[in-house]
Amino acid sequence: MIDWWVDGLLGLMMLWLAWQALSAADLLRAVAMFVTFGLLVAIAWIRLGAPDVAIAEAAIGAGLTGALLLITIRRMEDQRRSGSQEKRRAKAD
Amino acid sequence: MPRLIERFLPALTGTGAIALGALIAAALLRTPENDGVMARAALEALPDSGVGNPVTAVLLNFRAFDTLLEVAVLLLTLVAVWALDLRLPRTEALPASPVFSSLLRVSGPLLVVIAGYLLWVGASEPGGAFQAGAVLAGGCLLLRLAGRWNPGARFVRWAASTGLLVFLLSAVAMPALTGGLLQYPPALAGMWILLIETAATVSIAAILTALFVAREPEEPRP
Chain A
1 MIDWWVDGLL
11 GLMMLWLAWQ
21 ALSAADLLRA
31 VAMFVTFGLL
41 VAIAWIRLGA
51 PDVAIAEAAI
61 GAGLTGALLL
71 ITIRRMEDQR
81 RSGSQEKRRA
91 KAD
Chain B
1001 MPRLIERFLP
1011 ALTGTGAIAL
1021 GALIAAALLR
1031 TPENDGVMAR
1041 AALEALPDSG
1051 VGNPVTAVLL
1061 NFRAFDTLLE
1071 VAVLLLTLVA
1081 VWALDLRLPR
1091 TEALPASPVF
1101 SSLLRVSGPL
1111 LVVIAGYLLW
1121 VGASEPGGAF
1131 QAGAVLAGGC
1141 LLLRLAGRWN
1151 PGARFVRWAA
1161 STGLLVFLLS
1171 AVAMPALTGG
1181 LLQYPPALAG
1191 MWILLIETAA
1201 TVSIAAILTA
1211 LFVAREPEEP
1221 RP
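One line per chain: the protein sequences are A and B, in this order. Each residue of the first sequence is one higher than the one before, counting from 1 in our numbering. Each residue of the second sequence is one higher than the one before, counting from 1001 in our numbering.
Read the hints as simulated data drawn from the structure, not as lab findings. Take the hints with a grain of salt, since some may be wrong.
[Unchecked claim] Label-pair ranges, simulated between beta-carbon atoms:
hint, chain 1, residue 1, chain 2, residue 2, range
1, A, W16, B, A1025, 20 to 26 Å
2, A, Q20, B, A1025, 21 to 27 Å
3, A, A18, B, P1098, 36 to 42 Å
4, A, R80, B, A1025, 39 to 45 Å
5, B, V1172, A, W16, 46 to 52 Å
[What the hints assert, rightly or not] Looking from chain B toward chain A, a few residues come up when the C-beta cut is under 7 Å (computed):
hint, residue
6, L1088
7, P1126
8, Q1131
Keep in mind it's a predicted model, so treat the numbers as computed, not measured. Where a beta carbon is used, it is the ideal one built from N, C-alpha and C, also for glycine.
Only chain B is shown next, with the shape it has when bound in the complex (with noise of 0.2 Å):
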């Protein structure tokens, strides 16, 4: 029996793939056509959420709780790789060369600064903490390549948490102040987006760049 099974197990495998693309596109054609109620409602609050861009508008404030579990989700991601203690061989740095010690010094400091811009941007224009991680992040992974900079694992776990303890202290603070979950008051909206984005944006590349390295920073000897 079991050997019949493996024969057809292909078939079968390849039937139920067929059979959920169609279930799928059959439940996309049968849903309602988006008729922009939420959208409009977004763009008509968007004078009060302290942002000028929408998206950082819908991310950042008025479903900020959504962005919260994102950051949380990342964080337990890392944890969880950690735990796994892969027992994988250290990231040796790559061999020194002219062309990646030059390519280090204009790309390092440039990424850098894109990574500053693209967080300060993402207030009124495309931009915000995730894309300003990623490419911070990839400035670390250079840096880290080249075996410039090892942090101890004091430094990666703070960084790694980081923006998640500013997300949760503000969503705590909140009520307090405005009386509702993540309720930013409107006047100083903006300057909180900023606090909890730049905090996320170092959280997002402390995490991605310990992903790719995947084993945990060693404790400093004391």
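Chain A on its own, in the form it takes in the complex (with noise of 0.2 Å):
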């Protein structure tokens, strides 16, 4: 019974969680979503029987991907950045 309630309530949080990074309007917060999404997956594994699947989702899933997802946030940003500066100097000319 306790396994049952443990169980569904990982499937219910992991569809909000996965709303909620799709959703979110601002980025930093949907990443945020994801890692903790991914996290769930991998308790989601480990339920399922399948512990080799649940430490790769733990490491490249949640882990890597977020990483990954941070540096283009903020690579994103630097671009923009230097693509208005290079707007105000080209109306400057």
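Both chains are sitting in their own frames, so use the hints and assemble them into the complex.
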């Protein structure tokens, strides 16, 4: 019975986090939701009896993908900043 | 006409997505129940595979060809990203802070040990090259972000391709030894698998780190 509750809660939380990650207007928040989602997916894999997949999901799905998304956000901001500078320079010319 | 299409595009896309979902669900419901024939066959052959973890046995022995192609795909991804030549700004080091450097001191060596443990334990328990490589890549990223490590082009290229090279070499060597492609001699199977997995770990870590950096490392000036 308790298993059923844990699995049900896990499933509902995963759906909720997935929706949060997709619908968040703030990209940083979306990435945080995505990483949390990845960790819950890892737990779900353990519940399904696949610890190999769980380790891979935690390391790659949550860890490295999260890092990749974070640096992408930073680079996008850098690019936007340098882009607006260029525009200003073009106007000054 | 294009405006009309534009107007109904969201509805069309939604209907298409729902139809595809229903189709997949219907296909899934019609698949025969898993009778476990393959799982039983794999477990029966486990003693000959050279490892005790059935997942590793399938990945590196019974279906080693699939894993060989996976390692090749990873390398191709890196080549494609380098070929795009994104001209991204250099991944500059994070500003030095006592918190970050003490985190690095503790977790850097720890991550290397964990990666080695996952690689070694993959023979008998959950773990293996992909997991170990990902953890090692995490350590490499920390070092890069701290500005402590900036390996040159030659090192990165060799590290990224060594996994596929070792895998290909053993694929070519096996027909001479046992007469089958990627069919290890049972007595030495464990050793071959460990050798391939070690090389694959290095390559996976190098490729994941290089994907994060995204810029091709520059050639050293002569």
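*In ascending order, which of the hints set out earlier in this document are inconsistent with the structure?*
none
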